[in-house]
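Read off the chains here:
There are 2 protein chains.
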Amino acid sequence: MAEGAKEKYVEELVDQSDDFSRWYNQVVRKAELADYAPVRGCMIIRPYGYAIWEHIQRLLDARFKETGVMNAYFPLLIPRSFLEREAKHVEGFAPEVAWVTRGGGEELEEPLAIRPTSETIIGYSFARWIQSYRDLPLLINLWNNVMRWEKRTVLFLRTAEFLWQEGHTAHRTLEEAEERTRLMLEVYRSFVQEDLAIPVLHGRKSENEKFAGALRTYSLEAMMRDGKALQSATSHNLGHNFAQSFDIQYLDADGQRKYCATTSWGLSTRIIGAIIMVHGDESGLILPPHVAPYQAVVVPIWRKDADQGAIMEAIGRIERMLKGKVRLKVDLSDNTPGWKFNEWELRGVPVRIEIGPRDVQNNSVVLVRRDNRAKEAVAIDALETRLPELLAEVQQALFQRALAFREEHTYYAETYDEFKEIMSEKRGFVRVKWAEDSEAELAIKEETKATLRVIPFDQPEGGVQGRCFYTGKPATCEAVFARSY
Amino acid sequence: MAEGAKEKYVEELVDQSDDFSRWYNQVVRKAELADYAPVRGCMIIRPYGYAIWEHIQRLLDARFKETGVMNAYFPLLIPRSFLEREAKHVEGFAPEVAWVTRGGGEELEEPLAIRPTSETIIGYSFARWIQSYRDLPLLINLWNNVMRWEKRTVLFLRTAEFLWQEGHTAHRTLEEAEERTRLMLEVYRSFVQEDLAIPVLHGRKSENEKFAGALRTYSLEAMMRDGKALQSATSHNLGHNFAQSFDIQYLDADGQRKYCATTSWGLSTRIIGAIIMVHGDESGLILPPHVAPYQAVVVPIWRKDADQGAIMEAIGRIERMLKGKVRLKVDLSDNTPGWKFNEWELRGVPVRIEIGPRDVQNNSVVLVRRDNRAKEAVAIDALETRLPELLAEVQQALFQRALAFREEHTYYAETYDEFKEIMSEKRGFVRVKWAEDSEAELAIKEETKATLRVIPFDQPEGGVQGRCFYTGKPATCEAVFARSY
Ligand SMILES: [Zn+2]
Ligand SMILES: [Zn+2]
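For the record, the sequence lines run as chains Y and B.
Residue numbering for the first sequence follows UniProt numbering, starting at 1 and increasing by one per position.
Residue numbering for the second sequence follows UniProt numbering, starting at 1 and increasing by one per position.
Simulated from the structure, these hints should not be mistaken for laboratory data.
Be careful, since some hints might not be right.
Which copy is meant is left open, so a pair is good if it fits within one copy or across any two.
Using 27 Å as the maximum straight-line C-alpha spacing, the simulated DSS-like pairs for lysine-lysine come out as follows [said to hold, decoys possible]:
1) LYS325 with LYS65
2) LYS210 with LYS151
3) LYS420 with LYS445
4) LYS151 with LYS30
5) LYS258 with LYS88
Just chain Y, same shape as in the assembly (with noise of 0.2 Å):
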């Protein structure tokens, strides 16, 4: 794609304090991550994003099957009668459902949706796989494509169709569902801090921002450089609700036919939009190592064709030192360092590798820093231990830069004024003492935008004194508010 590179560097990457939306797009195709499609709100994710979305998967999964979860695959039509069966679910999901209604070359009896999520034929299925208490509990998970019809459309953050992971699981009682639910919350909240260097909130969504159909759900709300809230992850306890309309029954060991407590929960290729959002700077992307696609990117710097013998030898040898250790990029195309330079910047790699003929001279290298730009000249034979060392330093530095960001556009807001003030004057999450009072809620929302994003877990100690910012009721926790994504 070296043509299409040229070009794309002569329109500079706008500034992230112009124009927040306008950086992110740039930057999601100029680092080729995703494009377009011809279908209207649908997205391609391209290799190179793609690539970020495999190492997520192989993370997360690693981390659901310690708990026992395996995966499985359900349909993607789902028939009309089954997304009405939970009347909450139907209210929630039918403005946004695809209809599949012609099929071999047949108008159908009954139109099926694109799966917008798989609730319901989960619920259908595993009120025929379970019989006793010996069945349970059921962890299974699913990934899949899901289609929801969104009006306005963003790459990664808002499509018509997304990547996702689905988790379904099915419990003996209502205890063990919201065991799960906060077991999943919480492997959700150790890999997104852990592998993308998200520092998250976590806690419970309230009434009017839960899951349509859902008991209780929990999410985690990440900070992103503009100040606004992005939902990263959601854990869902659906209670009896699945198990009564879909009639999931188990015989317990008291002899007694009982429903099942169920859970669902989810991570989709919006978290993409979310570690380009959190990390990224001027230059373009910064990408976590535990994720990115190449974590090092060797860059030969040669004056004169004589230098290139002894460089590509070293060359060589650094890649048969890091091979299994380190995802390596070398590139040899035949653009100057300096544009190398760039590019690699923009792609987010988050260590490059200089080699000149001094270097070779030396027996060393040069590793920059993408976060800090940060330099050091290294031995050669030390890179096998050095590199993956630094790399640790980078994933550490950018989860501290992304809490320290979080903290400083964190903020407390004793009286509706003061929030608004805040809303109107400042980015960020606004902390306050709350009533739980929804229509309290609707009202914030409606005058100022930002929606509750999270009452989260960490309240202060021995319970919340005084009263809600706005009602000015006795507060039951204290909560964030945000704009969000």
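Chain B with the ligands: place on chain Y using the hints.
Just chain B with the ligands now, with coordinates in the frame of chain Y:
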């Protein structure tokens, strides 16, 4: 699923030789590989079946990446106008397409096809991504779901929706495209033979049987235990056909704009059907160790409770010893040992590890092979080396047994009368001298239901002598006919 499981053994597995297709369906259901979905023609791949697919994905994906292929994701929905651009292609696929006609509460202006395959939307994108010869070759693979509205469906073998991978590449010359088409067939061949232990014929499809829109199609054909053929993977040289329809051009080094030559190649969840039908026997499934979800199952055998402690301690040692080396299942359910033997034989686990009080005293266990029931006593300390070795022996033995079966059931017919006799009285592959006549091919199919499976790469040294078995015209090659799935 203990209750359900108890019922399922009440009814015995039907004999393979009595009713092969009923045997097949019983194995798929009883081994909990897959289920019919409530949507006509669609399937649910259950965790045990999906785990086989995950191993297939992992092993095949690594082989693709070794040849420079990168994964990507393309949209599920394809505009009708795209399908119509390549005349042969639309003719081949239009009858089996499922159409989305409504989305987000509105009728769509143009119906959208659920992808039956992605050549057209790939063509659209390649045309935009490729500018110069420096962008070539472009090597992409997609792991996704596709839909073809089939009338008669069989789990794994023919379902309206299935999972697969589809590779798509673009090249500078027709020669390079041909080379890639053959390379990918070879990747499939080594994967299917080495990892799935399935011997295959490799070669070219006839004009009648090639992919809709291809210049040439190559395929792998495997023989099932009922003598029928199953096409296990295909690789298509698309020549300039799609490049012309979608205007995929590049600027060559000589300053000329030229059409790319493209290829596509695929392998689907169908291959799980082949694993079942090539290796299975009267007791159920036999899984090749490379893709078995569990490579060995530990069955403890205690007569009295007092035995339990020592046995459990030994099992703990075995688990620690084999961790990361062998995929192990320890069956601690309260079923009897005999029950467990039957269950895990039905589910095809390659090796059973029996451990009773006397074994523990001797510090040993008994290994039982699934394929031939051979038993051996092995010291627990030796398991770490002996078990992986035994699994490799089983993998080899499965391949050899299948190869011997295929050779036993491959016939040579000199005349059409001989051919018809073999087709009506024996089961298997019939190899004939052939003059590549499409009308003759259709007539043979009409009369005998046998189709030309493949013109094998392996042809007689020095070319084919003599005349076509059907037309009497001078033969141009040897061809293999069979009934097929
Ligand atoms: Zn906490
Ligand atoms: Zn050969």
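Hint by hint, here is what the structure shows:
no.	hint	verdict
1	LYS325 with LYS65	both (24 Å within a copy, 17 Å between copies)
2	LYS210 with LYS151	within (21 Å within a copy, 41 Å between copies)
3	LYS420 with LYS445	within (11 Å within a copy, 77 Å between copies)
4	LYS151 with LYS30	within (24 Å within a copy, 45 Å between copies)
5	LYS258 with LYS88	within (22 Å within a copy, 56 Å between copies)
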